[in-house]
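Novice: Sequence:
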Amino acid sequence: MDLVNKLKIFKWKIAIAFVFIIGLYLVSSSVPFGSHVFLPDKLAAARAGYAYDIPLDPASPWPKFRNNAPQNGRSQVKPIVDPALRPWTFRTGKGVFSSGVVDANDAVYIGSADHYFYAIHKDGSLKWKFRTGEVIDSSALLDDRGRIYFGSGDAHIYCLERKNAALVWTFKADPVAEVEKRYGIKSYNVDWFEANIAMLKDGTIVAPNDNFLVYTIDRETGKKKAEYLGNELMWSLPAVNVNTGRIFYGSQYMALKNVYCVDTAAGETEWTNGRWGSNVASPLLTSTDRRGAVVLGGFDGYVRAYTQTDGKHLWQQGLRGHIYSSPAQLSDGTIIQPSTDGTVYALEPSTGEIKWAFDTLEPIRSSPAVDGNDRIYVGSGEGRLFCLNAEGTLRWAYLCIDEERNDLNSSPALGKTGVFIAGENGGVFFVPYDYPLGPIGKNDPRCTLGPGEVLSPEGAYMIYTSNFGGLQVQPPREIDANQALAFSLFVREKGDTVKAVIDRDTLKISVTGNPRMEAKISADGHFFMMTPRETWTGPDGGIITVEIKGDYKTNMSRFGLKFFRGSRGGSFDVSYRFAVPGYREAAQPYKIPVSTGDPSTVFEFKRFAAPNPVMLPSWNQIGFDSIHYLGGAVEAVDGRILVWVIPGKLQGDATVVDPTLAARFPLTLEYRGGLLTFYNYDGFKVNFVGSWDMPFGFYRIAAHANPLSGAIDRSPVLNAIAKCDEIEHYGRFLKLMGMSEYETGHMAVFGGLTMALHGRGYETAPAGAGTIEFRAGETSASATVTGGQLKKGDHVFSLLLIDVKTGKAFPLYYTKRTIVEADTAGRVTRVSVEYDAGEVKGEVRAYYMVDTYPAARGELKL
Numbered sequence: 013m014d015l016v017n018k019l020k021i022f023k024w025k026i027a028i029a030f031v032f033i034i035g036l037y038l039v040s041s042s043v044p045f046g047s048h049v050f051l052p053d054k055l056a057a058a059r060a061g062y063a064y065d066i067p068l069d070p071a072s073p074w075p076k077f078r079n080n081a082p083q084n085g086r087s088q089v090k091p092i093v094d095p096a097l098r099p100w101t102f103r104t105g106k107g108v109f110s111s112g113v114v115d116a117n118d119a120v121y122i123g124s125a126d127h128y129f130y131a132i133h134k135d136g137s138l139k140w141k142f143r144t145g146e147v148i149d150s151s152a153l154l155d156d157r158g159r160i161y162f163g164s165g166d167a168h169i170y171c172l173e174r175k176n177a178a179l180v181w182t183f184k185a186d187p188v189a190e191v192e193k194r195y196g197i198k199s200y201n202v203d204w205f206e207a208n209i210a211m212l213k214d215g216t217i218v219a220p221n222d223n224f225l226v227y228t229i230d231r232e233t234g235k236k237k238a239e240y241l242g243n244e245l246m247w248s249l250p251a252v253n254v255n256t257g258r259i260f261y262g263s264q265y266m267a268l269k270n271v272y273c274v275d276t277a278a279g280e281t282e283w284t285n286g287r288w289g290s291n292v293a294s295p296l297l298t299s300t301d302r303r304g305a306v307v308l309g310g311f312d313g314y315v316r317a318y319t320q321t322d323g324k325h326l327w328q329q330g331l332r333g334h335i336y337s338s339p340a341q342l343s344d345g346t347i348i349q350p351s352t353d354g355t356v357y358a359l360e361p362s363t364g365e366i367k368w369a370f371d372t373l374e375p376i377r378s379s380p381a382v383d384g385n386d387r388i389y390v391g392s393g394e395g396r397l398f399c400l401n402a403e404g405t406l407r408w409a410y411l412c413i414d415e416e417r418n419d420l421n422s423s424p425a426l427g428k429t430g431v432f433i434a435g436e437n438g439g440v441f442f443v444p445y446d447y448p449l450g451p452i453g454k455n456d457p458r459c460t461l462g463p464g465e466v467l468s469p470e471g472a473y474m475i476y477t478s479n480f481g482g483l484q485v486q487p488p489r490e491i492d493a494n495q496a497l498a499f500s501l502f503v504r505e506k507g508d509t510v511k512a513v514i515d516r517d518t519l520k521i522s523v524t525g526n527p528r529m530e531a532k533i534s535a536d537g538h539f540f541m542m543t544p545r546e547t548w549t550g551p552d553g554g555i556i557t558v559e560i561k562g563d564y565k566t567n568m569s570r571f572g573l574k575f576f577r578g579s580r581g582g583s584f585d586v587s588y589r590f591a592v593p594g595y596r597e598a599a600q601p602y603k604i605p606v607s608t609g610d611p612s613t614v615f616e617f618k619r620f621a622a623p624n625p626v627m628l629p630s631w632n633q634i635g636f637d638s639i640h641y642l643g644g645a646v647e648a649v650d651g652r653i654l655v656w657v658i659p660g661k662l663q664g665d666a667t668v669v670d671p672t673l674a675a676r677f678p679l680t681l682e683y684r685g686g687l688l689t690f691y692n693y694d695g696f697k698v699n700f701v702g703s704w705d706m707p708f709g710f711y712r713i714a715a716h717a718n719p720l721s722g723a724i725d726r727s728p729v730l731n732a733i734a735k736c737d738e739i740e741h742y743g744r745f746l747k748l749m750g751m752s753e754y755e756t757g758h759m760a761v762f763g764g765l766t767m768a769l770h771g772r773g774y775e776t777a778p779a780g781a782g783t784i785e786f787r788a789g790e791t792s793a794s795a796t797v798t799g800g801q802l803k804k805g806d807h808v809f810s811l812l813l814i815d816v817k818t819g820k821a822f823p824l825y826y827t828k829r830t831i832v833e834a835d836t837a838g839r840v841t842r843v844s845v846e847y848d849a850g851e852v853k854g855e856v857r858a859y860y861m862v863d864t865y866p867a868a869r870g871e872l873k874l
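In my numbering, each residue's number is its place in the sequence shown (first place is 1) plus 12.
Hints are computed from structural coordinates only; laboratory data are not their basis.
Glycine is no exception: its CB is placed at the ideal position from the N, C-alpha and C atoms.
Wrong hints could be hidden among the right ones.
Quick list of the computed label-pair ranges, beta carbon to beta carbon [claimed, not checked]:
hint: 1; residue 1: D508; residue 2: T791; range: 51 to 61 Å
hint: 2; residue 1: T756; residue 2: K506; range: 30 to 40 Å
hint: 3; residue 1: R787; residue 2: Q486; range: 54 to 64 Å
Once the Cα atoms are required to be at most 35 Å apart in a straight line, the calculated DSBU-like pairs of lysine-lysine come out as [to be verified]:
hint: 4; residue 1: K141; residue 2: K236
hint: 5; residue 1: K235; residue 2: K269
hint: 6; residue 1: K269; residue 2: K574
hint: 7; residue 1: K198; residue 2: K803
hint: 8; residue 1: K817; residue 2: K873
hint: 9; residue 1: K213; residue 2: K141
Take these sequences, add in the hints, and give me the full structure.
Specialist: Okay, here's the thing in structure tokens:
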């Protein structure tokens with residue numbers, strides 16, 4: 013054999029050896045060899061109370077979120093059934109999205125979006141409340157020293173004496189700018205403690221923050237012990253293996269690196285792993301044996317198990333919807349995982365195979381709690397608390413909320429005599445164990461008894477969907493003439509809910525009278541919304557019939573939560589009949605300033621809810637609920653009122669202007685005999701809660717008011733189209749979540765809010781505005797202030813530009829491109845707005861805006 017052939021053979025051998033080595037490396041680095049422990053540890057018997065392997069309150073049946081260090085959501089509590097007990101409700105000032113903890117006396121401790129943390133006696137009376145500086149989305153922890161620890165959106169962890177709320181210490185998160193500088197990263201302008209509180213074996217407090225850090229804090233002094241850098245908002249609560257000293261948690265990062273393991277003794281990250289989709293749920297450890305698994309569900313709709321030792325992937329199970337809830341584990345090892353697809357799943361712990369599934373009507377974000385008898389308790393988006401038996405049958409359900417804001421996204425906390433849960437309407441609820449099975453409960457219309465699901469076994473339904481996400485099988489008889497509508501697809505086959513999407517090429521909608529309207533199917537194909545432009549009928553009102561026909565697809569392929577292709581699964585053909593009250597044209601009751609000093613009506617927009625698409629509340633329900641906007645009337649042209657909107661904040665029980673936030677945008681208001689339609693069809697961007705930019709191409713609020721007083725008399729309907737491809741960094745990833753359309757990047761949004769007249773209902777010109785001189789150029793316009801006394805930190809200053817020809821505000825990026833200058837004393841000297849060449853031209857009317865009031869007006873020409 014000649015030398016050339018020998019060299020060729022040698023090269024081939026080298027290549028084969030290289031491929032073999034690479035293959036061996038890939039297998040060894042990704043395939044989990046050896047045996048693994050999927051069964052939970054046997055719970056040690058305690059002399060009194062409950063056994064915990066970290067210094068929690070030993071007399072508490074539920075001292076922390078997910079109950080214990082491994083976070084398996086299972087308590088040793090054996091329910092005490094007391095026929096004399098009755099359900100009760102305690103109302104807080106705003107929505108409750110955090111979960112409670114329960115002490116030895118069945119007192120529950122929980123925070124609210126009204127900024128207060130509450131302690132409530134077992135009879136439903138207030139024990140004490142403690143005010144923080146922001147919304148509370150963090151579940152507390154009860155330790156063995158009589159103290160309670162919880163986080164707030166004001167960037168603080170609080171330690172209080174449980175008996176009287178005496179403050180022991182506070183811990184403040186690092187400002188975002190400091191974290192960015194320290195680690196050389198770019199994050200958001202958010203430092204909320206939204207995650208819950210965990211504890212290490214030595215009592216060290218563990219608290220993740222939105223500034224990308226997970227803190228460990230000395231529980232005696234409140235001083236920082238260590239910090240661990242993540243790569244996104246950290247909402248996932250670390251599970252603790254007390255035998256290995258490792259903690260495990262998820263990250264909101266969307267791709268690949270969103271599961272962490274940290275060795276707390278060494279202070280080092282041991283491994284990271286992950287797949288597509290954020291992980292906001294809190295992981296479960298199947299065992300404290302080092303061979304145990306970490307189980308965690310993500311926003312891509314998959315539940316996954318990883319090895320604790322090195323993070324290798326053990327199994328995964330895809331569900332129909334994304335996963336917000338944290339898993340629980342029964343005593344036989346079965347994993348209980350709810351999903352926002354409305355189903356509670358039982359999974360085989362070693363393989364992830366589905367053992368049984370229990371279907372409900374609406375999304376589930378509540379994390380299940382399991383009692384000492386292996387009964388499962390979980391809240392739902394339909395306002396019900398469900399109790400399931402270990403084999404997946406319904407034991408009972410109790411309707412906690414029969415209002416329009418009815419999400420029970422809080423997770424149950426188990427007491428000795430009953431279950432505590434909270435909801436979107438601000439209520440904290442107590443339901444005695446097995447109350448629905450007792451003589452009183454059996455006659456209570458709020459109670460439902462098992463064993464089956466309360467759903468039809470077969471059928472395809474296009475269900476009327478309320479502005480707060482309720483699927484109303486019995487729709488309202490009457491709608492407002494300007495009200496946008498939404499309908500959701502729901503398909504049942506052989507007793508199970510199936511994944512189905514609207515075939516957008518086949519959808520046909522007709523409305524009596526053929527009014528001008530626009531219809532938009534959601535990117536995930538689960539719902540569509542239809543918007544009148546601007547009313548369904550004329551002033552006399554009448555009866556309209558909405559007919560909806562089309563096909564739906566099933567058996568889709570998927571990548572992450574993006575479902576595609578599929579085959580025809582069936583069809584739907586439904587009609588709805590609505591009465592539409594008339595709206596007589598009359599003088600509108602609002603104040604529009606004609607000259608400087610005239611009163612200007614101010615509206616308050618608050619408590620936003622965006623239940624569709626379903627993922628929006630999972631990402632930001634408490635954030636939406638915390639939004640406060642103020643909108644003031646600027647001028648009226650051709651019957652349309654221009655409203656200028658700025659950010660507000662909750663201060664005490666009132667909304668005030670918030671100069672720390674930059675949001676500014678215009679809306680047009682059309683008023684027709686009690687109907688108020690606010691809209692912006694030209695597009696705008698708003699900086700959301702001081703963090704990221706949200707671009708809208710369409711934004712509309714339909715409200716109704718008392719024609720005499722102008723007071724808003726019911727919850728408005730909000731619908732919008734967001735342009736997700738323009739969202740920095742993550743916009744295009746939303747396609748993989750099924751949130752935005754693949755071709756356009758559009759996301760259809762349908763929701764609601766609360767509206768009112770603000771304060772006394774109007775504002776007048778602020779004193780000390782000064783003399784204003786307006787100027788405009790090719791790329792900016794300005795208002796120079798002479799003799800002004802108003803300070804930059806006290807108000808929101810803006811320069812609003814109106815196209816005189818159309819009467820519309822120029823669609824500029826007022827939020828980020830407004831510049832406010834001040835002198836050394838803080839007095840405003842100049843306000844300008846930047847724009848691209850050609851964006852502003854022709855005759856321009858300029859307003860110098862102080863908060864919502866047009867303090868000065870000028871005419872310009874470009």
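Novice: A separate judgement is required for each hint: does it hold in the structure or not?
Specialist: Cross-check of the supplied hints:
1. D508 <-> T791: 51 to 61 Å: At roughly 59 Å between Cβ atoms, T791 and D508 fall inside 51 to 61 Å, so the hint holds.
2. T756 <-> K506: 30 to 40 Å: holds (36 Å)
3. R787 <-> Q486: 54 to 64 Å: holds (60 Å)
4. K141 <-> K236: holds (26 Å)
5. K235 <-> K269: With a Cα-Cα distance of about 29 Å, the restraint between K235 and K269 holds, given a limit of 35 Å.
6. K269 <-> K574: holds (19 Å)
7. K198 <-> K803: With Cα atoms ~31 Å apart, K198 and K803 stay inside 35 Å; holds.
8. K817 <-> K873: Measuring from Cα to Cα gives roughly 12 Å; hence the hint holds.
9. K213 <-> K141: The given pair, whose Cα atoms are some 29 Å apart, holds under the 35 Å limit.
The structure is consistent with each of the numbered hints, conforming to all of them.
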